[in-house]
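Asker: If you want the building blocks of each chain, they are given just below.
There are 2 protein chains.
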Amino acid sequence: MSESYAGKINRKLLKKRRIIDAAAGRIPADLVLKNAAYVNVFSNQICRADIAVAEGLIVGMGKYSGKVEQDCSGKIVLPGFLDAHIHLESSLVSPAEFVRAVLPHGTTTVITDPHEIANVMGADGIEYMLQATEGLPVDVRFMLPSCVPATPLDESGAVLDYRALDSFYDHPRVQGLAEMMNFVGILAGDIEPVEKIVAAQAHHKKIDGHAPDLQGNDLNAYIAAGVYSDHECHDLQDAIAKLERGQFIMIREGTAARNLEALAPLLCDRYVERCMFCTDDKHPNDLLEKGHIDYILKKAIALGADPITAVKAACHNAARYFLLNNRGAIAPGYLGDFVVIDNFQDFHIQQVYKKGERMVENGVVRDFPLPKVEPYLIERAHDTFHLNILSAEDFTDHRPRGILGMVDGEITTQDAGYSDRIDVEYDVLKIAVVERHRATRHIGIGFLQGYGLKSGAVATSISHDSHNVIVVGTSEEACAAAVNRVTALGGGIVVWDQGEVQAEVPLGIAGIMSDEPLETVNRKLEEAKAAAHCLGVGRGIDPFMTLSFMALPVIPALRITTRGVFDVSSQSYV
Amino acid sequence: MSESYAGKINRKLLKKRRIIDAAAGRIPADLVLKNAAYVNVFSNQICRADIAVAEGLIVGMGKYSGKVEQDCSGKIVLPGFLDAHIHLESSLVSPAEFVRAVLPHGTTTVITDPHEIANVMGADGIEYMLQATEGLPVDVRFMLPSCVPATPLDESGAVLDYRALDSFYDHPRVQGLAEMMNFVGILAGDIEPVEKIVAAQAHHKKIDGHAPDLQGNDLNAYIAAGVYSDHECHDLQDAIAKLERGQFIMIREGTAARNLEALAPLLCDRYVERCMFCTDDKHPNDLLEKGHIDYILKKAIALGADPITAVKAACHNAARYFLLNNRGAIAPGYLGDFVVIDNFQDFHIQQVYKKGERMVENGVVRDFPLPKVEPYLIERAHDTFHLNILSAEDFTDHRPRGILGMVDGEITTQDAGYSDRIDVEYDVLKIAVVERHRATRHIGIGFLQGYGLKSGAVATSISHDSHNVIVVGTSEEACAAAVNRVTALGGGIVVWDQGEVQAEVPLGIAGIMSDEPLETVNRKLEEAKAAAHCLGVGRGIDPFMTLSFMALPVIPALRITTRGVFDVSSQSYV
Numbered sequence: 000m001s002e003s004y005a006g007k008i009n010r011k012l013l014k015k016r017r018i019i020d021a022a023a024g025r026i027p028a029d030l031v032l033k034n035a036a037y038v039n040v041f042s043n044q045i046c047r048a049d050i051a052v053a054e055g056l057i058v059g060m061g062k063y064s065g066k067v068e069q070d071c072s073g074k075i076v077l078p079g080f081l082d083a084h085i086h087l088e089s090s091l092v093s094p095a096e097f098v099r100a101v102l103p104h105g106t107t108t109v110i111t112d113p114h115e116i117a118n119v120m121g122a123d124g125i126e127y128m129l130q131a132t133e134g135l136p137v138d139v140r141f142m143l144p145s146c147v148p149a150t151p152l153d154e155s156g157a158v159l160d161y162r163a164l165d166s167f168y169d170h171p172r173v174q175g176l177a178e179m180m181n182f183v184g185i186l187a188g189d190i191e192p193v194e195k196i197v198a199a200q201a202h203h204k205k206i207d208g209h210a211p212d213l214q215g216n217d218l219n220a221y222i223a224a225g226v227y228s229d230h231e232c233h234d235l236q237d238a239i240a241k242l243e244r245g246q247f248i249m250i251r252e253g254t255a256a257r258n259l260e261a262l263a264p265l266l267c268d269r270y271v272e273r274c275m276f277c278t279d280d281k282h283p284n285d286l287l288e289k290g291h292i293d294y295i296l297k298k299a300i301a302l303g304a305d306p307i308t309a310v311k312a313a314c315h316n317a318a319r320y321f322l323l324n325n326r327g328a329i330a331p332g333y334l335g336d337f338v339v340i341d342n343f344q345d346f347h348i349q350q351v352y353k354k355g356e357r358m359v360e361n362g363v364v365r366d367f368p369l370p371k372v373e374p375y376l377i378e379r380a381h382d383t384f385h386l387n388i389l390s391a392e393d394f395t396d397h398r399p400r401g402i403l404g405m406v407d408g409e410i411t412t413q414d415a416g417y418s419d420r421i422d423v424e425y426d427v428l429k430i431a432v433v434e435r436h437r438a439t440r441h442i443g444i445g446f447l448q449g450y451g452l453k454s455g456a457v458a459t460s461i462s463h464d465s466h467n468v469i470v471v472g473t474s475e476e477a478c479a480a481a482v483n484r485v486t487a488l489g490g491g492i493v494v495w496d497q498g499e500v501q502a503e504v505p506l507g508i509a510g511i512m513s514d515e516p517l518e519t520v521n522r523k524l525e526e527a528k529a530a531a532h533c534l535g536v537g538r539g540i541d542p543f544m545t546l547s548f549m550a551l552p553v554i555p556a557l558r559i560t561t562r563g564v565f566d567v568s569s570q571s572y573v
Numbered sequence: 000m001s002e003s004y005a006g007k008i009n010r011k012l013l014k015k016r017r018i019i020d021a022a023a024g025r026i027p028a029d030l031v032l033k034n035a036a037y038v039n040v041f042s043n044q045i046c047r048a049d050i051a052v053a054e055g056l057i058v059g060m061g062k063y064s065g066k067v068e069q070d071c072s073g074k075i076v077l078p079g080f081l082d083a084h085i086h087l088e089s090s091l092v093s094p095a096e097f098v099r100a101v102l103p104h105g106t107t108t109v110i111t112d113p114h115e116i117a118n119v120m121g122a123d124g125i126e127y128m129l130q131a132t133e134g135l136p137v138d139v140r141f142m143l144p145s146c147v148p149a150t151p152l153d154e155s156g157a158v159l160d161y162r163a164l165d166s167f168y169d170h171p172r173v174q175g176l177a178e179m180m181n182f183v184g185i186l187a188g189d190i191e192p193v194e195k196i197v198a199a200q201a202h203h204k205k206i207d208g209h210a211p212d213l214q215g216n217d218l219n220a221y222i223a224a225g226v227y228s229d230h231e232c233h234d235l236q237d238a239i240a241k242l243e244r245g246q247f248i249m250i251r252e253g254t255a256a257r258n259l260e261a262l263a264p265l266l267c268d269r270y271v272e273r274c275m276f277c278t279d280d281k282h283p284n285d286l287l288e289k290g291h292i293d294y295i296l297k298k299a300i301a302l303g304a305d306p307i308t309a310v311k312a313a314c315h316n317a318a319r320y321f322l323l324n325n326r327g328a329i330a331p332g333y334l335g336d337f338v339v340i341d342n343f344q345d346f347h348i349q350q351v352y353k354k355g356e357r358m359v360e361n362g363v364v365r366d367f368p369l370p371k372v373e374p375y376l377i378e379r380a381h382d383t384f385h386l387n388i389l390s391a392e393d394f395t396d397h398r399p400r401g402i403l404g405m406v407d408g409e410i411t412t413q414d415a416g417y418s419d420r421i422d423v424e425y426d427v428l429k430i431a432v433v434e435r436h437r438a439t440r441h442i443g444i445g446f447l448q449g450y451g452l453k454s455g456a457v458a459t460s461i462s463h464d465s466h467n468v469i470v471v472g473t474s475e476e477a478c479a480a481a482v483n484r485v486t487a488l489g490g491g492i493v494v495w496d497q498g499e500v501q502a503e504v505p506l507g508i509a510g511i512m513s514d515e516p517l518e519t520v521n522r523k524l525e526e527a528k529a530a531a532h533c534l535g536v537g538r539g540i541d542p543f544m545t546l547s548f549m550a551l552p553v554i555p556a557l558r559i560t561t562r563g564v565f566d567v568s569s570q571s572y573v
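Here the protein sequences come in this chain order: A and B.
If you count by numbering that gives the first Met the number 0, then the first sequence holds residues 0 to 573, one letter each, in order.
If you count by numbering that gives the first Met the number 0, then the second sequence holds residues 0 to 573, one letter each, in order.
By construction, these hints were calculated from the structure, which means they are not laboratory data.
Built from N, CA and C at the ideal position, the CB exists for glycine as well.
A couple of the hints might just be wrong.
[To be verified] Computed Cβ-Cβ distance ranges for the label pairs, DEER-style:
#, chain 1, residue 1, chain 2, residue 2, range
1, A, GLN413, B, ASP169, 56 to 62 Å
2, A, HIS381, B, GLY6, 38 to 44 Å
3, B, PRO516, A, GLN236, 51 to 57 Å
[As the list claims (entries may be wrong)] Partial list, derived from the structure: chain A residues whose beta carbon lies under 8 Å from chain B:
#, residue
4, ASP20
5, GLY215
6, ARG273
7, GLY332
8, GLN413
9, GLY416
10, ARG420
[To be verified] Quick look at which bits of chain A chain B covers, simulated, 3 or more residues with Cβ under 8 Å:
#, region
11, 35-49
12, 118-130
13, 135-148
14, 182-188
15, 223-234
Taking the hints into account, I'd like the entire structure generated from these sequences.
Answerer: Printed below as a string of structure tokens:
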């Protein structure tokens, strides 16, 4: 493993000489895409040539022969796509499974923020993800989670200060500090978030932003602090205000938030250089049904964007922003990451290459070796529940508690008054958040109206951002049973009724990701959704995603935390 | 001087909080440019706002008050300009004097390649320049000279291998490896130049190119080796071929080479993102009479380029190429480097600001503290002549020697046969190169035709790339006397006749730069030129620059080296 500097120079020298030999045509290339029409992101046109690859790198475009030759007549070759901001955990599967899902969609690099797992496992969570992504055929790069816990109200599994993050900046796949959601803290000059920015800059790293609707001099202050991107723009005016002040705009089109239609006008000569695509989160069925960056690219073209301009947003611009200067273009010295499509109208991906290796042919992903994760980290990732067996007593409380009133089609809630008991007829259900990281026995209790459950209970250990267990039930007994089952699984989603599990999705990795294949997880998840709807949960409601946000104490009006019902507007417990 | 990491974070934290406070308007800014129209390089338009600066950085554009307010109504504010590639030594003055000359022209950052001084002093030359540029009000950044000596035929003052360069990459103002002129060596996969590229990449540094007219698969090979810029393009086709393959194009408009007219069509939406301006070299009278990057910018606009597009090439694009991401734009967090002009038509520079300090007002440069250079380096820089006193004997040689035939208006020569004696009537003069670094007593002797000198001798210690002493004379005695005078000066240019100095330009710093002010050097240089012309040197010939290139053994047909006359075409001594 360890290598002297002189040894490294020598190894790279030999590799470089083979690259030069192949480029000059003195030795055959490893791979040649013959007669390719390819997108040239520098001259903004379609060029035609053979594309030669050696040692995983493009060595030239021109006339070449290779050990492997692939005729690309009539096809278009694009650089591999980049997702500029995603939380891999949102796919509910392991990184290797995520990679297996996105490779056929042409993704060859993703920038992940391991915010979810870090809220459970702290620095161990970041290290787990680094190891679990090592050497995968999609290059997974990291932005370090800037807000763990997400708010001071959260009881998360860890607290990461700048010193904890600092230890990761030397890792070759760490690009910077992820979305600084605490823009309020930055604007106030709070020491803790500003220290994180200062430390990231001291390491010459990028800092991503997250500041919906921030404007004017406050926006100036947030950017002047060092935050040079935003992925929260939901209208054009907001995006242009940020872009004009120097921020790069990540046009987000994911599962929960979709901003492409609003921001598509940015994909023009005037603005595109500062724009790129991201998904933020991608749930299993969305990944399987729609795709990934290819879906955004296709939609952008359908919305009228020039294909070459849109391709630049799908690869080159993100690469330049993150200083990944060896990708995002088809040119000598760049990675042999290619997406071969039929044409821009139909846009069928026929092959995907990573570092010159054909990884996908007609949708079929070639097998690849799995990363070796150190055993103690695997054990640690599968042992994140520190919670005793609970009983109905634990969920019983006769004092009146606030009612979170669900709002149709939104993740906001309204204040629906108080209750001191479950009333299924009036759709007043018990809701609780059970702290599960440190065995504190903290259980915050309240009521939920509008969910529709008529029997049993629904519990999930995906609950933003601390991933404690959130449960909604028609009885205290069902609540306790559902939570106990989640605990027994070491994390997961459980639909409980009639004294037994109706459906469940085990999420054994930190309580938020499964060890199973994406298709299996998706099937179980759909079955669980069906089971929840069967028990009465409203058809317009995603039974689990909706719950996941009920504990996020930054969305108005009322939220449920491990300490009880919290009024976001007045910043007080009710 | 030394500071712990914790101390650094704390210092930067306090600074950052003041920046945030000023941006948010809680404290007055240090400087506000009121009512400014400014070029926004992100939205590609002219914006209007107050521009606020604190702690040397722009904190916001909007409505601001400051301790100092400067009304900019009716003016246009541009980001400070960058020269993407220059050899500072070409100005013949010290770095501080160079800075005093270019600041009024709006230059706030230059990227220098200390190739000339490194050929004299080796690593000490690089260190001297680093120290002599520390803290100047133009930020001087370095690309490390890649070709010292320039060719194996040169007898230079030093040989720099990759290990010698490596020791500089940690310096915060070193951006990479300078123009890899040895493209032949790269294409051949020669170990020595390829090692330098590999080592630069191992340090995550940029590598500049120099490959006039290279094309096709050879160009692919050169770029694939890792060379991502070129400043040698002299026609559009050449430039586009390089740009299409991923190279950044430095449009050069300097004293010796001027490519702007040919390359101006690159200044359009399609190509401009990959283009920037550079000068390569700027001689004293050119600096004083024409200016610097402002001259290129004005000329580009006059040639029809859109002013905003041209401004981006003058600042933003170079900054992004060199990863100097805190400059080249007017936006929060960027350096307070501004050029205030009246308008794009007249283009008079009225003020120049560096890090929020007004350094130039109506052409007058504010005094600034000079860098402290360690005494041993000053001594070393002024003691680069290791040469005994010479006599006519040393230049006497009765064997026939080749005649370098000058070509009107070119720096190439033709083979003009042989001679065994000086013949002033037929303009056959003695030419010699005297090794001066290591007291080798190597003196290469030949003849020169076409120079026109009728009496005396002309000698200069500026002689590319090794900066030995080159002399042309009408007698061996005059040659010896002129060289002895150059030696006595510790370097310089000498016009000798009638047993005495007719004119001279002392160049005490490494024999290639003066300790005097630019105006003085320019005056002495013009006097020396006049004196040389007075002695018969043809009016169409620059008496010293022409000589400077006669020893560069890469330009056909014949050259003079310390080992005699060399035929570049046949690569052999004649």
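Asker: Does each hint fit the structure? Answer for all of them.
Answerer: Evaluation of the provided hints:
For A/GLN413 paired with B/ASP169, a C-beta distance near 58 Å keeps the hint of 56 to 62 Å intact. Separated by about 41 Å at the C-beta atoms, A/HIS381 and B/GLY6 satisfy the suggested range of 38 to 44 Å. Range check, B/PRO516 to A/GLN236: Cβ separation about 53 Å, and the 51 to 57 Å hint holds. Annotation: A/ASP20 was flagged as interfacial toward chain B, and the flag holds, the nearest CB pair being 6 Å apart, inside 8 Å.
Checking A/GLY215 against chain B: minimum C-beta separation of about 6 Å stays under 8 Å; hint holds. Restraint check, A/ARG273 versus chain B: the minimum CB separation of about 6 Å is within 8 Å; hint holds. Given the 8 Å rule on beta carbons, the hint for A/GLY332 holds: about 5 Å separates it from the nearest Cβ of chain B. Checking A/GLN413 against chain B: minimum C-beta separation of about 32 Å lies over 8 Å; hint violated.
With its C-beta approaching chain B no nearer than about 38 Å, A/GLY416 sits outside the 8 Å limit, and its interface hint is violated. A distance limit of 8 Å between C-beta atoms decides the matter here; for A/ARG420 the minimum to chain B is near 48 Å, and the interface restraint is violated. Check result for the region 35-49 of chain A against chain B: holds, 5 residues qualifying (beta carbon to beta carbon below 8 Å, three or more required). For a cut-off of 8 Å, the count of residues in the region 118-130 of chain A with a CB near a CB of chain B stands at 0, and the three-residue condition is violated.
Closer than 8 Å: that is the beta-carbon criterion, and the region 135-148 of chain A has 0 residues meeting it against chain B, so the requirement of 3 is violated. Coverage of the region 182-188 of chain A by chain B holds in this model, with 3 residues showing a Cβ closer than 8 Å to a Cβ of that chain against a need of three. Closer than 8 Å: that is the beta-carbon criterion, and the region 223-234 of chain A has 4 residues meeting it against chain B, so the requirement of 3 holds.
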